[in-house]
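Novice: Take the sequences, apply the hints, and build the full model.
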Amino acid sequence: MIDILLWPWLGGMLIAATTGPLGAFVVWRRMAYFGDTLAHAALLGVALGWMLHINLTLAVVLFCLLLAILLSALMYQRIIATDTLLGILSHSSLAVGLVIISLFNNQPVDLMAMLFGDLLAIGSEDMLWISLSCAIVLAILAYYWQPLLNHTICPELAHVEGVNTNFMRTLLFVLIAMVIAIAMKIVGILLITSLLIIPAASARRLATTPEQMAMWAALLGCFAATGGMALSWIYDTPAGPSVVVIASAVFFILYLAPAKGRR
Amino acid sequence: MTSALLSAQNILVKRSGRTLIHDVSLDLQAGQITTLIGPNGAGKSTLVRTLLGLQDANAGSIIKQTGLRIGYMPQKLNLEPTLPLTVQRFLDLGLGQHQLAPKLLTKLSKACRIEHLLTQPMQYLSGGETQRVLLLRALLNSPHLLILDEPVQGVDISGQVAMYELIVDIRDQLGCGILMISHDLHMVAAATDQVICLNQHVCCSGHPQQVSQDPAIIELFGVQGASALAVYNHQHNHHHDSHGTIIPGKHSEACHHD
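Residue numbers (the numbering used here), protein chains in the order written: chain R, 1 to 263; chain U, 1 to 258.
It is worth saying that the hints were derived from the structure and are not from the lab. A couple of the hints might just be wrong.
[As the list claims (entries may be wrong)] Label pairs and their in silico Cβ distance ranges:
1. R:Leu70 with U:Lys103: 45 to 53 Å
2. U:Ser16 with R:Ala135: 40 to 48 Å
3. U:His116 with R:Leu111: 54 to 62 Å
[Stated by the list, open to error] Quick look at which bits of chain U chain R covers, simulated, 3 or more residues with Cβ under 8 Å:
4. 49 to 56
5. 79 to 92
For each residue, glycine too, the CB sits at the ideal point set by N, CA and C.
Specialist: Shown next as structure tokens:
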């Protein structure tokens, strides 16, 4: 049992520890819908990966990165309202992805695993990818923490104080794209934004500084990953949704419990 | 003049084919307070954003003194309630390489009256308190030029007088140049060396008294409004005295306790 569960558990913990702090930025900047769009586009990335016979994880990472940079530019232009733009890209890429995958029905694409994740399928090779990407994302996040925070609080002020705002915005998009491409394995593209949003939102209840919120988000995410896997192991429920169920339960408990101190 | 901190020549800004400002030239000098006035939609914010490099000019040039440090106070701060941030932390984020001398910093934070707010979350501050915190943050890196976008927005009348006095005080302490946007002719006159009246282009500019007689400004603000610029200067001491007994210290402190 240990060797079956070890890699999935470690993988889940690593991803949750990364989505937590990054998710804090998603919450602070109201980018939940942006996360959804990238997640849906990841399915198109998978489909294109199949068509072009390249490594699927690589295909998803590349496609998400491309889209993130494209979105960063388009949103800056303000041609149409951001949520409309995201809605169009989100659903059209999901639809195109589904259509392409259905055309390749001779090849065994596990659609359910794509949509809802397959945590228990994580092996040692996946772990290499996951640890590498998570380490990179966390290192970049730590290095640029102050300017990213400044840019989140007030982009104009950050610009005048010498922060390269275009770079910060694109950087954050790219980090989110990377994490989504990796976390897809765990909870699947339909539930992925929840790993970004829910632990961070729960953490808000416990934090008085941005750093505390990031730490709590990571911890609560790890707790949800562990709890979800336990739930999945004991009751034979699907792993990805189980993780989200635990994360949501934590959220509701924290918000219903009387807050200590002010408010 | 070559000594200008910032010199803008014939600035033109268009957005989606519409001209927002055109032929705007101005010089900002050290130790001088310049106030930008003008009706809504005159392009005051556009001009300030262009000078700050937040927006590109379609034509014209902006020459800054080399190594010029600008302190900027935005009109308001839209802070998400989900971001836990105390006043102290917000100020710390603004600290750079050219921090103010500690003595001066203490003095100015006292003048901004925010010591009692330092542990408060930013989101709990009133409009006036937020403005004072933003002002202090703009000062942290000992700027050569301070740009204030409607510094008294959301501040009550007694607070506005105090705010303008504080701005004059800052100019005296730091010797920096100040550019601010204001709506209120009555208030700005006493605290201003140069008024620039903007209505897409520079209608007129100069010392408040001088500008108050300009036909262009009378057309924009009416005789009454324009005369406020001149009248206020004469009445300032008197006006201030009669209010002075009611306003300072106690009253405004009491106001912030609620």
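Novice: Evaluate each hint against the coordinates.
Specialist: We went through each hint and held it up to the structure:
1. R:Leu70 with U:Lys103: 45 to 53 Å: holds, 51 Å
2. U:Ser16 with R:Ala135: 40 to 48 Å: holds, 45 Å
3. U:His116 with R:Leu111: 54 to 62 Å: For Leu111 of chain R against His116 of chain U, whose Cβ atoms are near 59 Å apart, the range 54 to 62 Å holds.
4. 49 to 56: As far as the region 49 to 56 of chain U goes, the hint holds, because 4 residues have Cβ atoms under 8 Å from chain R.
5. 79 to 92: Our answer is that it holds, as 9 residues pass the Cβ test (under 8 Å) against chain R, meeting three.
Checked against the numbered hints above, the structure violates none of them.
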